Amino acid sequence: MPEEVADVITSCERYWREAGLPRSTVAEMSAELDAHLRDAASEGKAPESVVGADLAGFAEEWARSQADEGRVLPTWEDVWARGRREGLGIGPWLVIAAIAAVIVLAIVVAPKEDSMDDVELFRWIWIGAVVFLGVAEMVTAGFFMLPFAVGAAAAATRAWFDVAIWAQFIVFIVVSIAALIGLQKFVRHEDEEQPMVGANRYVDKRATVLEEIDRVSGRGRVRMDTEDWRATTDGDEPIPVGAEVRVIEVRGTRLVVEDGR
Amino acid sequence: MCYTARQGSQMPVEHSSQLLKGVLDMCLLAVIAEEPSYGYEMVRKLRERGLALVSEGSIYPLLSRLQKQGLVEGFHVASSEGPQRKYYRIAAAGHQRLRHWADEWEALSMGVTSVLNGGAHA
Numbered sequence: 001m002p003e004e005v006a007d008v009i010t011s012c013e014r015y016w017r018e019a020g021l022p023r024s025t026v027a028e029m030s031a032e033l034d035a036h037l038r039d040a041a042s043e044g045k046a047p048e049s050v051v052g053a054d055l056a057g058f059a060e061e062w063a064r065s066q067a068d069e070g071r072v073l074p075t076w077e078d079v080w081a082r083g084r085r086e087g088l089g090i091g092p093w094l095v096i097a098a099i100a101a102v103i104v105l106a107i108v109v110a111p112k113e114d115s116m117d118d119v120e121l122f123r124w125i126w127i128g129a130v131v132f133l134g135v136a137e138m139v140t141a142g143f144f145m146l147p148f149a150v151g152a153a154a155a156a157t158r159a160w161f162d163v164a165i166w167a168q169f170i171v172f173i174v175v176s177i178a179a180l181i182g183l184q185k186f187v188r189h190e191d192e193e194q195p196m197v198g199a200n201r202y203v204d205k206r207a208t209v210l211e212e213i214d215r216v217s218g219r220g221r222v223r224m225d226t227e228d229w230r231a232t233t234d235g236d237e238p239i240p241v242g243a244e245v246r247v248i249e250v251r252g253t254r255l256v257v258e259d260g261r
Numbered sequence: 262m263c264y265t266a267r268q269g270s271q272m273p274v275e276h277s278s279q280l281l282k283g284v285l286d287m288c289l290l291a292v293i294a295e296e297p298s299y300g301y302e303m304v305r306k307l308r309e310r311g312l313a314l315v316s317e318g319s320i321y322p323l324l325s326r327l328q329k330q331g332l333v334e335g336f337h338v339a340s341s342e343g344p345q346r347k348y349y350r351i352a353a354a355g356h357q358r359l360r361h362w363a364d365e366w367e368a369l370s371m372g373v374t375s376v377l378n379g380g381a382h383a
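These protein sequence lines are chains Z and G, in that order.
Position one of the first sequence corresponds to residue 1 (my numbering), numbered consecutively onward.
Position one of the second sequence corresponds to residue 262 (my numbering), numbered consecutively onward.
Bound-form chain Z, shown alone:
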């Protein structure tokens, strides 16, 4: 229970801050919510009984009531998407297109054979690019530069092996694109894991019966990890104290379990 309460609090706090509510207001709301969640927990109630099934809606509505009249707040979605969309989007692709154009130009216009000096020079150019992009990456804290730093590093290795300059550029482009795509995949995965008070996370978890579970009389308590929950079962047989059970569903504030023995 403490873990999930903490998750709910930090998610709401982050949203309220990003929505532009004053720090003192956010602190007050957070403390109020925390106290309520703790009181609920002490009576065996899950956070859902307080924040409802739609945590985003709850946080948004409370924020709207605190904000000045008529002010439009970002949505919960907006706030979570914001953190990762920085630096991605069309920008990097434009850079690649520009570089590709430069390459085509270089191949067409440049002399047929690269002198050894040129190739050596490019070793340092690529290394310089890696350093520059790496620093820029850390400073901007977006993911904009990272794929290109990776691409530049790959090109640098080719340069050390005295590969032709045009080939170095090709490596730079290809690796940068691959890194960008890989990064997008990584980012999208995080995007889907929004902090939510989801009931599904309990399915298939084990629990121990504290009070005999009897569907007919409506009694039943279990302990799951460190949390105590009201419990019920869909079967006709009561489940005795001490039995190991498996969670199959969360219904309201009760766990629906089945005998796991």
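Hints are computed from structural coordinates only; laboratory data are not their basis.
As the structure is a computational prediction, the values presented were derived from the model and not from experiment.
Heads up, the beta-carbon is just placed ideally off N, CA and C, and yes, glycines get one too.
Mixed in with the good hints, there may be bad ones.
[Said to hold, decoys possible] Examples of chain Z residues lying across from chain G (beta carbon under 7 angstroms, computed):
hint	residue
1	ALA31
2	ALA35
3	ASP39
4	VAL50
5	VAL51
6	PHE58
7	GLU61
8	TRP62
9	SER65
[Unchecked claim] Straight-line C-alpha distance at most 20 angstroms; calculated EDC-like pairs for lysine to aspartate or glutamate:
hint	chain 1	residue 1	chain 2	residue 2
10	Z	LYS45	G	GLU309
11	G	LYS347	Z	ASP39
12	G	LYS306	G	GLU295
13	G	LYS282	G	GLU367
14	Z	LYS45	G	GLU302
15	G	LYS306	Z	GLU43
16	Z	LYS45	Z	ASP228
17	G	LYS329	Z	ASP68
18	G	LYS347	Z	ASP34
19	Z	LYS205	Z	GLU249
20	G	LYS347	Z	GLU28
21	G	LYS282	Z	GLU61
22	G	LYS329	Z	GLU69
23	G	LYS329	Z	GLU61
24	G	LYS306	Z	ASP39
25	G	LYS282	Z	ASP54
26	G	LYS329	Z	GLU28
27	G	LYS347	Z	GLU13
28	Z	LYS205	Z	ASP234
Since chain Z is already given, all that's left is putting chain G on it; use the hints.
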């Protein structure tokens, strides 16, 4: 004390909670008028009197608005178990508004009852 959702036997939970939404701010104001209270306690008092909330946190946007409108005041009380609690007490304007809302409710519920009884006056 167990937390159970009380439902009118004929009504699905959704419908009755929709009804409650319309009067919840008035009910909160009434609870606060009785004596200063904090969120969890208000929910408990409502439940004791037969008004169960599906989502307890829904009171907070309402309390926030009541406070903004100057109908209630928030104040903090040190708690022995941990951080301070935020309490709400009714303001003078709140007493006035509650009387007004209560009158509105009287009129409305009489009208509804009358309609349900086919126009016969209660």
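Earlier hints that do not hold, by number: Those not satisfied: there are none.
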